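Undergrad: One letter stands for each residue in the lines below.
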Amino acid sequence: MVGWDEELLCRFYRTMVTIRFFEQTVEKHFLAGEIPGFVHLYIGEEAIATGVCANLTTDDYIASTHRGHGHSIAKGADVSRMMAEIFGRKTGYCKGKGGSMHIADFSVGMLGANGVVGGSLPLATGAALAAKMLRQKRVAVAFFGDGASNRGTFHESANLASVWKLPVIFLCENNQYASTTPYRSSTSVEDIADRARGYGMPGVIVDGNDVFAVYEAAKAAVERARGGGGPSLVEAKTYRIKGHFVGDPELYRSKEEVQEIFAKTDPISRFERQVSSEGSLSREKLDSIKLEVQELIDKALAFAKESPEPDPSELFSDVYA
Amino acid sequence: MREITFAQATLEAMEEEMTRDERVFVMGEDIARQGGIFGQFKGLPQKFGLDRVKDTPISETAIVGAGVGAALGGMRPVVDMHFADFMGVAMDELFNQMAKIHFMFGGQRPVPVVVRAPDGLTNQAAAQHSQSIEAWFLHIPGLKVVIPSNPADAKGLLKSAIRDDNPVIYFEHKRLFPVKGPVPDGEVLVPIGKAAVTKPGKDITIVSYSYTMRVVMDAVSILEKDGIDPEVIDLRTISPIDKDTILNSVAKTRKLAIAHEAVKQGGVGAEIAAIVAEEGLDYLDAPVLRFGAPFTPVPFARTLEAAYRVKAEDIYSGIRALF
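Residue numbers (the working numbering), protein chains in the order written: chain A, 60 to 380; chain B, 33 to 355.
With the rest of the complex left out, here is chain A (with noise of 0.2 Å):
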């Protein structure tokens, strides 16, 4: 894109891929029944993630959700250890002590995925608050969902946020269906982002599958939270593509829709179109990184495999600190 520094877009590129890779293998080791426990998958909706996490540094905190993979490696999660930890090995992010619903890396922010939808609002508004108390610029994101909104960890964190302008921002990933429940059908308003102005904050809404647009928008609020103006929220209109979870039977809607959805949707295809219609990137430079990727995944998968589980005495260790 015209005016887009060129490693930014590169960047923008090999964290989408990475995590369109990251959970395409997941989902045929999930299938083929060797990995086990649930998995949510965050296939198409990889255009938030990345947009969001470039404006942050590994100072800066975030808390995500069930459906965390994304959120992780855009923050800067080791893919290997995030592979193991899914296949439930010792040499995992948690030593295969949480697995796909809680992988956390404290050493990037990434303050851990969280098996409780809404889990993530008063945890990132809480390290928003050391952070202000500590005056560092550090900054808090909490990625949630459409269903979490309505929760009232949203309500009490948005409030005690506003009350004490923490630097904190909401992000609402929007993918219209809460497990199973459809967005019209469980949201009282039409937007997430009106919700914001019951709370005095701004709220904003954006195209979640354009990486750009999610960039700008995550970047003013993040610009507007480090300088101390407080919390925002911002909602990011996506579609889940994929399952609640991987094995979804999904009786509440037509492959047919999701199909079409995901034909006009997917941020991949469709940053891929933007930055070479106006030769930003060249075709060659996407398949570079495109290889590069799948050479780490191949290397994190066969890590994971390689990896032992963890000792049954490990049951005992980090009960307490």
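There may be inaccurate statements among the hints.
What the hints assert, rightly or not - Restricting the straight-line Cα-Cα distance to at most 25 Å, the calculated cross-link-like pairs of lysine to any residue (SDA-like) are:
1) Lys196/A with Gly106/B
2) Lys196/A with Gly67/B
3) Lys196/A with Glu54/B
4) Lys149/A with Arg55/B
5) Lys226/B with Lys149/A
6) Lys224/A with Gly81/B
7) Lys275/B with Phe375/A
8) Lys74/B with Pro142/B
9) Lys196/A with Asp83/B
10) Lys224/A with Lys275/B
11) Lys149/A with Asn128/B
12) Lys196/A with Lys226/B
13) Lys224/A with Gly106/B
14) Lys226/B with Ser376/A
15) Lys224/A with Arg65/B
16) Lys275/B with Ala380/A
17) Lys149/A with Pro173/B
18) Lys196/A with Asp53/B
19) Lys224/A with Leu82/B
20) Lys275/B with Lys149/A
21) Lys226/B with Pro216/B
22) Lys226/B with Phe375/A
23) Lys224/A with Lys79/B
24) Lys224/A with Ile90/B
25) Lys149/A with Asn198/B
26) Lys79/B with Gln195/A
27) Lys224/A with Gln66/B
28) Lys343/B with Val229/B
29) Lys224/A with Arg55/B
30) Lys224/A with Pro77/B
Claimed, not checked - Reference listing, derived: stretches of chain B covered by chain A, where coverage requires no fewer than 3 residues with Cβ under 8 Å from a Cβ of chain A:
31) 64-78
32) 97-107
What the hints assert, rightly or not - Here are a few chain B residues that sit away from chain A, every Cβ distance over 10 Å (derived from the structure):
33) Asp83
34) Thr88
35) Phe137
36) Asn280
37) Arg286
38) Glu311
39) Pro326
40) Pro329
Everything labelled a hint here was simulated from the structure, so no lab data went into it.
Source: prediction; values computed, not measured.
Cβ atoms here follow ideal geometry from the backbone N, Cα and C, with glycine treated the same way.
Could you slot chain B onto chain A? The hints should help.
TA: Then chain B, alone, in the frame of chain A:
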């Protein structure tokens, strides 16, 4: 030794810890401008400012959740629940977040949060302002639960809780706040996980904690007149439970009674009885006695509340029947 109230003892603990460590702060409803409904925060804002003694909206979920987030961000928060009953509003944050984060993320970061929870019967406050819910938290790995019975322990346990890297639930009985007792000058630290043998004895072990310790001591003075010499253990911490002190005592006295204000069913007494049945059955010469509230919500009317309360006469007559 000087005598101060339980509330004053907790205040001293807060002052000393907030002075010692700048990362310690406290937040909750009505704590700063009002000083807490039991006076347990009076004077703190004047010393430390409203930034470190924070009045919050009525938002238990956000208070506990933000406390956890602040701990992850490098602070050491103390959060006040106003009444222990209101912890029900924040249970996800208490047991899915606070208690699990250290384990579930493979020990990456400790969660040093103290939750202060005023509990117990006082002033006919009825079903939603009087409960003793400590047993809920005994069932959750990752939490520590302390419950002092006197000013010295109140101070020492609160200081230890603030210094602990784990989440600690600190139950403080509302009826104890005005009670005076001796507190040593200087540093007072009571170790978490260690019960106290309050009164040595040889005829029966009585285990209790919190306000009920006072009820137990009343019962003991009557028992002594009858020539019965009980050993009394103040649990002080209910998770982790100090099994050794209990089992050693029962091995000596060969009888066991447990008394608490919470309902008997599924209570701390049930856990202690089970521990002794599993690990010390041979020591027992008599059935285990449990004294607790009946399985009913806390009532309002004076006569009903009195009937609900565990009384010294009940403990006396229950134990007397064993001899």
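Undergrad: Against this structure, judge whether each hint is valid.
TA: Status of each hint after checking the structure:
1. Lys196/A with Gly106/B: holds, 14 Å
2. Lys196/A with Gly67/B: Judged against 25 Å, a Cα distance of about 31 Å means the pair is violated.
3. Lys196/A with Glu54/B: Status holds; Cα separation ~18 Å.
4. Lys149/A with Arg55/B: violated, 33 Å
5. Lys226/B with Lys149/A: Given that 25 Å is the threshold and the Cα spacing comes to 34 Å, the pair is violated.
6. Lys224/A with Gly81/B: Satisfied, since the Cα-Cα distance of roughly 17 Å is no more than 25 Å.
7. Lys275/B with Phe375/A: Judged against 25 Å, a Cα distance of about 18 Å means the pair holds.
8. Lys74/B with Pro142/B: violated, 30 Å
9. Lys196/A with Asp83/B: The hint holds at about 17 Å.
10. Lys224/A with Lys275/B: Distance ~47 Å between Lys224/A and Lys275/B Cα, so the pair is violated.
11. Lys149/A with Asn128/B: holds, 23 Å
12. Lys196/A with Lys226/B: Status violated; Cα separation ~42 Å.
13. Lys224/A with Gly106/B: holds, 19 Å
14. Lys226/B with Ser376/A: holds, 21 Å
15. Lys224/A with Arg65/B: holds, 20 Å
16. Lys275/B with Ala380/A: Holds: Lys275/B and Ala380/A sit about 21 Å apart, inside 25 Å.
17. Lys149/A with Pro173/B: With Cα atoms ~21 Å apart, Lys149/A and Pro173/B stay inside 25 Å; holds.
18. Lys196/A with Asp53/B: holds, 21 Å
19. Lys224/A with Leu82/B: holds, 15 Å
20. Lys275/B with Lys149/A: Roughly 32 Å separates the two Cα atoms, so the pair is violated.
21. Lys226/B with Pro216/B: It holds: about 19 Å lies between the C-alpha atoms, which stays within 25 Å.
22. Lys226/B with Phe375/A: Holds - the C-alpha atoms of Phe375/A and Lys226/B are around 20 Å apart, at most 25 Å.
23. Lys224/A with Lys79/B: holds, 23 Å
24. Lys224/A with Ile90/B: With a Cα-Cα distance of about 17 Å, the restraint between Lys224/A and Ile90/B holds, given a limit of 25 Å.
25. Lys149/A with Asn198/B: Holds. Lys149/A to Asn198/B sits at ~23 Å (cutoff 25 Å).
26. Lys79/B with Gln195/A: holds, 23 Å
27. Lys224/A with Gln66/B: With a Cα-Cα distance of about 23 Å, the restraint between Lys224/A and Gln66/B holds, given a limit of 25 Å.
28. Lys343/B with Val229/B: holds, 21 Å
29. Lys224/A with Arg55/B: Roughly 20 Å between the alpha carbons, so the hint for Lys224/A and Arg55/B holds.
30. Lys224/A with Pro77/B: Holds, at about 20 Å.
31. 64-78: With 0 residues in contact (Cβ-Cβ under 8 Å with chain A), the coverage given for the segment 64-78 of chain B is violated.
32. 97-107: Holds, because 11 residues of the segment 97-107 of chain B bring their Cβ atoms closer than 8 Å to Cβ atoms of chain A.
33. Asp83: Since the minimum Cβ distance to chain A is about 7 Å, Asp83/B lies within 10 Å and the statement is violated.
34. Thr88: violated, 7 Å
35. Phe137: violated, 4 Å
36. Asn280: For Asn280/B, whose nearest Cβ neighbour in chain A is about 24 Å away, the distance exceeds 10 Å, so it holds.
37. Arg286: Check passes; 33 Å lies beyond 10 Å.
38. Glu311: Check passes; 19 Å lies beyond 10 Å.
39. Pro326: holds, 33 Å
40. Pro329: holds, 24 Å
In this structure, the earlier hints numbered 2, 4, 5, 8, 10, 12, 20, 31, 33, 34, 35 are contradicted, and the remaining ones agree with it.
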